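Position chain B relative to chain A; hints supplied.
Read top to bottom, the protein sequences are chains A and B. So the first sequence is residues 1 to 211, counted in the working numbering. So the second sequence is residues 1 to 299, counted in the working numbering.
Everything labelled a hint here was simulated from the structure, so no lab data went into it. Everything numeric in this text was worked out from a predicted model, so none of it was measured. Incorrect hints may have been included.
Here are the computed lysine to any residue pairs in the SDA-like style, where the Cα-Cα straight-line distance is at most 20 Å [unchecked claim]:
hint: 1; chain 1: A; residue 1: K196; chain 2: B; residue 2: D247
hint: 2; chain 1: A; residue 1: K196; chain 2: B; residue 2: E246
hint: 3; chain 1: A; residue 1: K206; chain 2: B; residue 2: V116
hint: 4; chain 1: A; residue 1: K206; chain 2: B; residue 2: G112
hint: 5; chain 1: A; residue 1: K206; chain 2: B; residue 2: T114
Take a look at the letters that make up each chain.
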Amino acid sequence: MRHFRYLPHLALAAALGVANGGCVLIPDIEDRIVELAVGGTTVVGFATSGSGSSIDETNTVNILEGLNIAQILADNGIDVSDVTDIALAGLEYRITVPDPEATRQIVDGAVTIRRGADPELTLISGFNAGAGAVTGWQVAPLDPGGLAVALINDILNTIRTELPLSPPPDVTTITYHVTGGTTPAAVPHNFTWELKVKLTITGTVKVKVLT
Amino acid sequence: MTRRIAGTLVVALAVLAGGARSAGAQLADNLGALTGENSRKYLGPLPDALSGTMNAAIFTSGKVPRAGLEFSIGIKAMGVAFADEDRRFTPTDPPGFTSVPPIQQVPTVVGGTTAVSQSGQGGATQYYPGGFDIGEFLFAAPQLTIGSLMGTRAVLRWASGSFGSDNLIDKVSLFGIGAQHSISQYMPAAPVDLALGVFYQSFELNDSLLDTKAFHVDVTASRSFPILQPYAAIGFDTFKMDAAYEDTGTGTSISVDFDRKTNVHLTAGVLARLAFATIHAEGNIAATNGLAVGLSFGR
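Pulled out of the complex, with its shape left as it was, chain B reads as follows:
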């Protein structure tokens, strides 16, 4: 059967690359075989992974000029690795099906690609879909920074794409907005530059297949050297994800609300201002620990 690029993890990249159609269509198909509770378990690894990546690499410096024109545009790429326990779950029996031992562990969205058969009472069978066998989660986003006014700069992320109504995934959108305000302007003697940042993001697949909202706040400290600028940040993230899809068996709509997650977010990284561009790399301890890199142009 004809299938398209799969996996929500690649959506932002796919949008930027402009070449992918219908990312996540396979995900919708797989969800359609699952009850709401099992969908929550199937997608279980995603909230932490999305939170850990979407909330990374937003602020990479504590130095915010009090005033003056500052403009940069670039791309941020964030990744986290999945643990073995993220790859499988124990399903909840769907209505009307009573499993009999041995009870099978079945793949999550990042687990093995083979569907798993669970035997049920009376000889019934329930198949659970395979995952996409993904070891790492990648998320990329374009980011625009504009400043400064009264020691404050604005930060934007935005990406969207439409793939046509004949696709199960016909729309992808990412929007983020926030600001960073200099604290060190009030503390001239501080040995490092300090800034308080807040950032809100919304990421949607097909308007509602996956609907995520992320909020990040941190205090970033950095110190400037001729080329390098090491930085560190402490903050917290909140993340909310909901999913909605159609049950392929009954045609009914199913909504799955995931609990809102809040976690501390620690960052350490280094930024290098080169002649033509600025690059940075950082490590994050957050909902899921990960790495991020960025490349931007402008000042």
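So that you can see chain A by itself, here it is in the shape it has in the complex:
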């Protein structure tokens, strides 16, 4: 029986050898450069509080403080040198700590961003949501203009090209501005929410394929 252990290998080798003539069944190992696509996310938290019928908050953040692209690439087994593009695929939000007022609503909310002294670009617009209860992830409507998304994509790819180092802070620091109406106006608002930034990443890998 010992000899039979090797028969499958022998048979395979013989079959491949006999058939080595370009027939459809003849395996041929070829290198392929395949472009993969993976997703990545990062979550940023916000606390919103105040009184009256409107929300108006401005803050400045360095994107690198909340977005670890190197880690996202590592989590997906991607070498940064093989990444060809990183882009924003979408935004989602959720209420993590609800407003004490169960009927709390955000009406026609918007988020703008700007880098340095550049003009504000609208990222999210026409945002209506309930904030009186914990929610699951909901789609945040991107502004149709797309200019803010273009700015984010530019920052992402600047970060990518600088890895493993970081670009100067003025490149990755943005000021965001959250505005919108809120009801009921007579009751102060106070809730915490999160924004999930969904990224789509593409890069090349070299693989061997039997054809």
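Using the frame of chain A, we list chain B on its own:
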């Protein structure tokens, strides 16, 4: 980045050859960027191709002795060619992404190697992974035949391999079992040898990345000449494939169940008994039309 031999299509060969590590790891990466519906479309060409190959070249003769020792071991290699329409699909927008025209066609697992960018509302972008640019699908399996008792022989296929837990693909396994029973023993005047065969196969990558189950039943007719033995068969196949993987964006597990497929399977081939081995070649009209060859030793 370091990558390994890719493509589920080569797994059986890789196991036999003993030299491949982590076949299909790249496939898992590519699936991780897709929602369940798009994974179903990305892997769409595989069920027919797997069904057409796994269910081929199992029974190559209608002649089953009533009794006596019969033993053969060999390798079966089956292949099918993909059509152009197998190479691309129109994706379904993932949650939270609304595509804007022009709507792109994107590669399936056998399609072009370039990722495709789809523009979305608000300037968003969604990348879809490239395929492996594969024109033909190959599947190989070792097969063992043992008989005969009461006009019945048993047929087994088996292959497995483990590549280590540090690989995304750490385990591959193929198992098939079936039997062929002589019909012509009840019909002595029949001009050909006839046998009824049934065969069940399970093929898994990483236990669950791809989990396939195939069932084949046929009636094989053959006629023996001094060396050659032409044969033909009519039967049907059923095939079920499921996939499970982790979404690279959210880390959530995604299961994709493909519909069970059933189809008629017609085979025509010829077998040659040489001094030291038996070889055969056949054509199949099944879920996907294809060719198969085999080489075996023993009687």
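Evaluated hints:
1. At most 20 Å may separate the alpha-carbon atoms for a hinted pair to count; K196/A and D247/B meet this at roughly 15 Å.
2. Straight-line distance between C-alpha atoms of K196/A and E246/B comes to about 18 Å, which keeps the hinted pair within the 20 Å bound.
3. For the hint pairing K206/A with V116/B, the CA-to-CA distance comes to about 18 Å; that is within 20 Å, so the pair holds.
4. Restraint check for K206/A and G112/B: the C-alpha separation of about 14 Å stays at or below 20 Å, so the hint holds.
5. For the given pair, K206/A sits about 12 Å from T114/B by alpha-carbon distance, which is consistent with the 20 Å threshold.
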